[in-house]
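Chains as they are written, first to last, in this note's numbering: chain A, 1 to 345; chain B, 1 to 345.
Every clue listed holds true.
Same chains, same label: a pair holds when it works inside one copy or across any pair of copies.
Here are the simulated lysine to aspartate or glutamate pairs, EDC-like style, with alpha carbons at most 16 Å apart:
1) Lys124 to Glu145
2) Lys269 to Glu240
3) Lys124 to Glu49
4) Lys269 to Glu337
5) Lys269 to Glu237
6) Lys245 to Asp221
7) Lys43 to Glu18
8) Lys43 to Asp14
9) Lys245 to Asp227
Keep in mind the hints are simulated off the structure, nothing from the lab.
2 protein chains.
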Amino acid sequence: MRKEGKSTRTTIKDIARECGVSLSTVSLVLNNNPRISQATREKVLESIERHQYQPNAFASSLASRSSHVLSVVVPHLNHVFADVYFGEIVSGIYEHATELGYKVLLDVANHRFVSSREFIRVMKSRRADGVLFIGSSMYDDYLMELEHSGYPFVLINHYFPNRGINYVMADYNQSASLAADHLLGLGHKNIGILAGTTTHTAIAFREQFIRACKINGLSPDHINWADGWFTEQGGYEGAEWLLSKNPSITAIMAGNDKMAIGAMRALAKRGLKVPDDISVIGMDDIPPAQFTNPGLTTIRHDLYRLGALGVEGALSIFKKQTSSFQEILPVSLVERESTGPARSR
Amino acid sequence: MRKEGKSTRTTIKDIARECGVSLSTVSLVLNNNPRISQATREKVLESIERHQYQPNAFASSLASRSSHVLSVVVPHLNHVFADVYFGEIVSGIYEHATELGYKVLLDVANHRFVSSREFIRVMKSRRADGVLFIGSSMYDDYLMELEHSGYPFVLINHYFPNRGINYVMADYNQSASLAADHLLGLGHKNIGILAGTTTHTAIAFREQFIRACKINGLSPDHINWADGWFTEQGGYEGAEWLLSKNPSITAIMAGNDKMAIGAMRALAKRGLKVPDDISVIGMDDIPPAQFTNPGLTTIRHDLYRLGALGVEGALSIFKKQTSSFQEILPVSLVERESTGPARSR
DNA sequence: ACGTTAAACTTTAACGTTGCACCACTTGGC
DNA sequence: GCCAAGTGGTGCAACGTTAAAGTTTAACGT
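All chains should be built: construct the whole structure from the sequences, respecting the hints.
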């Protein structure tokens, strides 16, 4: 048989020879083609099972021009995969992709990735059937190159206004309204905002929040904002800056939970009690938000589902079932203990 | 030529034809083989650049029998990629793999993965040149099947005693001693342990910690432990259980930071102040440990480096530079504010 | 002038699948 | 008795690369 010292792997040929059928037949069985009779199918499957035969993924991809792989691209941040926000989305991507028989490959949008146009190559080289971008920023104009490329890619929780670029994202307008209503309802009249500034969604969110406050009669003088870089450290520093600028603020609205967590640390260091002295509200509802002290009130974005939907979108474009994919998901308020009635200081 | 309406991609053939050289020459240039003259090399590279040519990864893998892909296998937990512990390790893996020209593929050790022996198939099908297992448990005896397989795989932060299975891990014995010395040095005589119970490392750690306490004169009656499942929720419940069993404990030692964070939340709910009423020490030093209130004292395990080293190991086995790889990394104490002098209650 | 060696390629045969075109046989309608 | 359609396959040429062995040319020592 095939094992005369040459430690070669079992291939489709071995199975075909043993079953006395052609290569094509084995291939058809492998791909569940109905044109093969039950009898033949069983004979082949038995042989496959017995040899623990595993088709070579590369040969298959090469011949079929489809890799059954999805690539997910995250920004070039330090230890980026340790970020819970990205992790939640990746989890959603992974699980949905797996259900559909897809593998997921990791990529980081670092300098090389961008300047060498590797994001295009990933698709050109057929290494992936589709690409999902998480956490891209509004300065990532390289993405525009892809707009009319027809390549299956989608942005997750981000978008470019007036562009035909595919995306799935949370409803940031609704988030802003929900947060504003909650804080205003508690009587807060002096609010600090910790915002991200590098995405269109974050900017739209901040503007919508401010608008909602004004509509409800808040004076613009009583709304300040600082850039919190979407990070704990940024939230920490931003909170300090807000307090130094206006010591009488009674609530901080953070554009994501990480900044909120950083802010709470800064408040604790200053000896301010949350929510007695000052309220804090976050956004995303990442899992750690349940285990802060006090528990963080936040706007829930279903990041996991966002990831799963992204997979859906990329694959339906790949399969030419649709040419455009733009979805917005509803959000909800999660009340925990970090917000309470305003109390002037 | 090749472009009569058929929208076929640029291949090595096109480059070769244009440059008037053979396929092999282009291939050799692509692989930086020194046997090609500078002049030819430049001509070929120029053409490659101009056409934005990207070699087909599958064809290359098929022909060379090497995928330049590493697979990382994480346990089948809910939203597992949102776990900071795994994320830190994955970050280390990703970055080191990238430096070495490797891609990383995600896998989860779910039921199908295990029962269908997919972990073997991943290597058999050559989808990956090596596999890194993170967070495997002592019950994952399927790993034994791989022991003598010669396949390049390594366990990260776990091991099986008396087995030739490759691993990289933190020095859990040193962790235990460091933690015990720290707590004992602060005068604690009544200690609760929040432990993991599903890995050999965690069990060895707990035993070593208890041993160190006893050597320093602590009575076994004053050392209790609860299983905290390595999670925040487990740490929360474990802490409550420990306090109900022995209300006078003055310190909690947690086998990872996540349990410590859960415990701190439980203590806060009970109205206990950390560290005034009770000290808490964790393990790992995951990034969020800096942003808890108060900051978490912990033992630092360099998870990122553990991941990078794992890549090193798997690849050196793949390249047959070594047949066995077992490394232990030193750890260190990081003092923040969650531990302080014992005060009896 | 001659053989030897090295440099710089080229030729050819894999690598392990899949898609397409084709074929042989059966069934059935008229 | 002949054609049409359906069933259950087969054979072969891709797919795009690399590895191994072979060829040509130039350089060099004796």
